[in-house]
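K.L.:
Listed below are the residues making up each chain.
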Amino acid sequence: MMPDDELTLLELTDRLLNRGVVISGEAVVSVGGVDLIYLGLNVVLTAVENLRTPRERETAPTRDHNPA
Amino acid sequence: MSTLVYLYAVVSQPLADTPMGIDDQPIRWVVANGLAAAVSDVSAKDFEEEPLNAHVKDMAWLGPRAVAHQEVNARLFESSAAILPLAFGTVFRDDDRVRQLLTEQSQQFAARIAKVRGCAEWVVALHLLREPSPEDVVADSPMLQSLRSQIAESSPGRAHLLQRQMATLTRDEARRIQADAVAHVLHALRAIGVDVYQEPLPSDAVERPLLRASVLLARDAEARFMDEMDRLRRRWPEPTYRLLLTGPWPPYRFGGLPDDA
Numbered sequence: 001m002m003p004d005d006e007l008t009l010l011e012l013t014d015r016l017l018n019r020g021v022v023i024s025g026e027a028v029v030s031v032g033g034v035d036l037i038y039l040g041l042n043v044v045l046t047a048v049e050n051l052r053t054p055r056e057r058e059t060a061p062t063r064d065h066n067p068a
Numbered sequence: 001m002s003t004l005v006y007l008y009a010v011v012s013q014p015l016a017d018t019p020m021g022i023d024d025q026p027i028r029w030v031v032a033n034g035l036a037a038a039v040s041d042v043s044a045k046d047f048e049e050e051p052l053n054a055h056v057k058d059m060a061w062l063g064p065r066a067v068a069h070q071e072v073n074a075r076l077f078e079s080s081a082a083i084l085p086l087a088f089g090t091v092f093r094d095d096d097r098v099r100q101l102l103t104e105q106s107q108q109f110a111a112r113i114a115k116v117r118g119c120a121e122w123v124v125a126l127h128l129l130r131e132p133s134p135e136d137v138v139a140d141s142p143m144l145q146s147l148r149s150q151i152a153e154s155s156p157g158r159a160h161l162l163q164r165q166m167a168t169l170t171r172d173e174a175r176r177i178q179a180d181a182v183a184h185v186l187h188a189l190r191a192i193g194v195d196v197y198q199e200p201l202p203s204d205a206v207e208r209p210l211l212r213a214s215v216l217l218a219r220d221a222e223a224r225f226m227d228e229m230d231r232l233r234r235r236w237p238e239p240t241y242r243l244l245l246t247g248p249w250p251p252y253r254f255g256g257l258p259d260d261a
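In order, the protein sequences belong to chains E and H.
Be aware that the first sequence starts at 1, since it is given in the numbering used here, and climbs by one per residue.
Be aware that the second sequence starts at 1, since it is given in the numbering used here, and climbs by one per residue.
No lab work stands behind these hints, which were simulated from the structure alone.
Any given hint might turn out to be false.
[Unchecked claim] Here's a subset of chain H near chain E, in silico, CB distances under 10 Å, partners left out: (1) 56; (2) 59; (3) 62; (4) 63; (5) 69; (6) 70; (7) 86; (8) 88; (9) 89; (10) 121; (11) 123; (12) 199; (13) 249; (14) 252.
The model shown is predicted, which means the values in this text are computed figures rather than measured ones.
From the three backbone atoms N, C-alpha and C, an ideal C-beta is built for every residue, glycine too.
I would like the entire structure built from these sequences, with the hints used as guidance.
P.N.:
Shown next as structure tokens:
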């Protein structure tokens, strides 16, 4: 298993990015008639490896209730 | 520097005392139609679609900004009864466009705020850590247990035949038991959650879980939820299974932009 902080950041990026709508071509997409740039997200899960940031542990929103 | 407007979350009214946003920019509020959007300025150089999609593959770039995004939303989540947190990378040209979104989507936003009020989001994943041994499978399968006693009572020739049948059936039963575990956990989550969303599973993940689900859960049901998780862990125990839980999250899955956005 991954160390907890890696798991946490992976969960974080997954949570924040998973709703992305993939767009192509135009720099701006329209959401409900409003111009909005939305992130194309299918790239992310494969890129989330070995990521560390110095702040992540104290900012971690997650609690892993697994005793392991 | 040319800037864009980065949207973190929509709440009912502006809140004081927010942490700094992405790249240490202060949080501002755009207010319209009884809704308040928490925004900050970001540089167009980084947050236009093309550079943003390139940056997001770079975890050294993404990591601290994802953390900043979550820090803002975590604070708003703590200090308000309902928050609609947006996904990372929700960027507008200017405040007017944000105001326009609040105005045009005000009914959907209001409905979503009502739905997530008093709730947090949890992520539950059920992993299969190792293939269960044939003995484990038999222990979980009345059908195989009965076949085994049949074998014990049979003549050597018939026992051999049944033995081979047993091997095939054990593999099938192992699959069935896994499907049962998923169904059982999902059922338990649906019984306790306000809403449950079964996440699509990435096909190429190294540790692909059997199940991954987001659960919208009332804050006052959390103690009961923990008890339920303990019960599920006893039913589907390690070292074969592992039930992982993270939360409480702001409701990113259940509170974000309307589905039809």
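K.L.:
Each hint needs a verdict: does it hold in this structure or not?
P.N.:
Checked hints:
Here the hint on residue 56 of chain H is kept, as its CB sits about 6 Å from the closest CB of chain E, short of 10 Å. For residue 59 of chain H, the suggested interface contact is upheld, since its CB lies about 4 Å from the closest CB of chain E, less than 10 Å. Given the 10 Å rule on beta carbons, the hint for residue 62 of chain H holds: about 6 Å separates it from the nearest Cβ of chain E. The closest approach between the C-beta of residue 63 of chain H and any C-beta of chain E is roughly 4 Å, which is under the 10 Å cut-off, so the hint is satisfied.
Annotation: residue 69 of chain H was flagged as interfacial toward chain E, and the flag holds, the nearest CB pair being 6 Å apart, inside 10 Å. Hint on residue 70 of chain H holds. Least Cβ distance to chain E is approximately 6 Å, under the 10 Å limit. Look at residue 86 of chain H: its Cβ gets to within about 8 Å of chain E, closer than 10 Å, so that hint holds up. Because the closest C-beta pair between residue 88 of chain H and chain E is about 4 Å apart, less than 10 Å, the hint holds.
The beta carbon of residue 89 of chain H comes within 3 Å of a beta carbon in chain E, closer than 10 Å, and the hint placing it at the interface holds. Taking 10 Å as the C-beta contact cut-off toward chain E, the hint placing residue 121 of chain H at the interface holds, the least distance being around 8 Å. Hint on residue 123 of chain H holds. Least Cβ distance to chain E is approximately 7 Å, under the 10 Å limit. Restraint check, residue 199 of chain H versus chain E: the minimum CB separation of about 8 Å is within 10 Å; hint holds.
With a cut of 10 Å, the hint placing residue 249 of chain H at the interface with chain E holds, because the nearest CB-to-CB distance is about 6 Å. This hint holds: residue 252 of chain H has a C-beta 5 Å from the nearest C-beta of chain E, less than the 10 Å allowed.
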